[in-house]
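A.B. asks: Here are the chains, one letter per residue:
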Amino acid sequence: QQQVKQSPQSLIVQKGGISIINCAYENTAFDYFPWYQQFPGKGPALLIAIRPDVSEKKEGRFTISFNKSAKQFSLHIMDSQPGDSATYFCAASMLVGGNQFYFGTGTSLTVIP
Amino acid sequence: DAGVIQSPRHEVTEMGQEVTLRCKPISGHDYLFWYRQTMMRGLELLIYFNNNVPIDDSGMPEDRFSAKMPNASFSTLKIQPSEPRDSAVYFCASSRTSRYNEQFFGPGTRLTVL
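Residue numbers (our numbering), protein chains in the order written: chain A, 1 to 113; chain B, 1 to 114.
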């Protein structure tokens, strides 16, 4: 059973456009929601993360929006650049579950020049 | 810090052979995770350790897979015998116990079983 559902599976955006990736979860015990970025041939790396006590977190062109009541969170990439082309994974974890992450299935983003 | 180190980076073997993947976590990290990544199934958690003790191995596909962590700086994932459906990229990640943690991933081992 997929604990975190991610969509879309792939996304193509023009340079300068906004990329939006969505994730949803069911387990209300989750209390930490990181996003990981993976370039071809590399391991995933932490991009940005949010806790459920805030509704939005922004770091540069990357923003996480969090809707606790809907149990959804999304990643927005503003002014998307070709260098953002990568696979993005959302994840969730809970304090009582130790350090285990539940990852979404990933979104392959392609930014066209 | 050198980050999480995995070896080998690429492994090509024939069906039925034993395969051993190796991981050195970041010094001071007390959690170690083994993941498998495929196009069909994405990132799957296979097993994770805390202070060298296996905590959850429910993601290990079958008895052909085994993992050990003899000390804080070394872990192995073994597949015996290997099958073509085991072909995937295997990642090791480590993290430190904290309220909101970050998992640091290694570069992965690309396994091809012919």
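Please note that a few of the clues may not be correct.
Unchecked claim - Estimated spans, in silico, between C-beta atoms of each pair: (1) A:GLN14 x B:LEU114: 39 to 49 Å; (2) A:SER69 x B:ASP63: 36 to 46 Å; (3) B:GLU83 x A:ASN67: 21 to 31 Å; (4) A:LEU46 x B:THR112: 26 to 36 Å; (5) A:PRO82 x B:GLN80: 24 to 34 Å; (6) A:SER69 x B:GLU18: 29 to 39 Å; (7) B:THR76 x A:MET78: 19 to 29 Å; (8) A:LYS5 x B:ARG96: 21 to 31 Å; (9) B:ARG110 x A:LEU46: 40 to 50 Å; (10) B:ARG85 x A:SER69: 33 to 43 Å; (11) A:GLY41 x B:ASN71: 24 to 34 Å; (12) B:PRO81 x A:GLN14: 27 to 37 Å; (13) B:THR76 x A:PRO82: 13 to 23 Å; (14) B:ASN71 x A:GLY16: 44 to 54 Å.
Keep in mind the hints are simulated off the structure, nothing from the lab.
Here the structure is a predicted model, which is why all the values come from computation and not from measurement.
Virtual Cβ for every residue (Gly too), placed ideally from N, Cα, C.
A.B. asks: All hints are to be evaluated individually against the structure, with a verdict given for each.
C.D. replies: Tested hints:
1. A:GLN14 x B:LEU114: 39 to 49 Å: holds (41 Å)
2. A:SER69 x B:ASP63: 36 to 46 Å: holds (43 Å)
3. B:GLU83 x A:ASN67: 21 to 31 Å: violated (43 Å)
4. A:LEU46 x B:THR112: 26 to 36 Å: Given about 28 Å between the Cβ atoms, the range holds.
5. A:PRO82 x B:GLN80: 24 to 34 Å: Because 43 Å falls outside the window, the suggested range is violated.
6. A:SER69 x B:GLU18: 29 to 39 Å: With Cβ atoms ~51 Å apart, the hint is violated.
7. B:THR76 x A:MET78: 19 to 29 Å: Given range 19 to 29 Å: violated, Cβ gap about 43 Å.
8. A:LYS5 x B:ARG96: 21 to 31 Å: Holds, at about 28 Å.
9. B:ARG110 x A:LEU46: 40 to 50 Å: Once the Cβ atoms are compared, 22 Å apart, the range 40 to 50 Å for A:LEU46 and B:ARG110 is violated.
10. B:ARG85 x A:SER69: 33 to 43 Å: holds (41 Å)
11. A:GLY41 x B:ASN71: 24 to 34 Å: holds (29 Å)
12. B:PRO81 x A:GLN14: 27 to 37 Å: Hint violated: Cβ distance 48 Å, outside 27 to 37 Å.
13. B:THR76 x A:PRO82: 13 to 23 Å: violated (39 Å)
14. B:ASN71 x A:GLY16: 44 to 54 Å: holds (50 Å)
Checked against the numbered hints given earlier, the structure breaks hints 3, 5, 6, 7, 9, 12 and 13 and satisfies all the rest.
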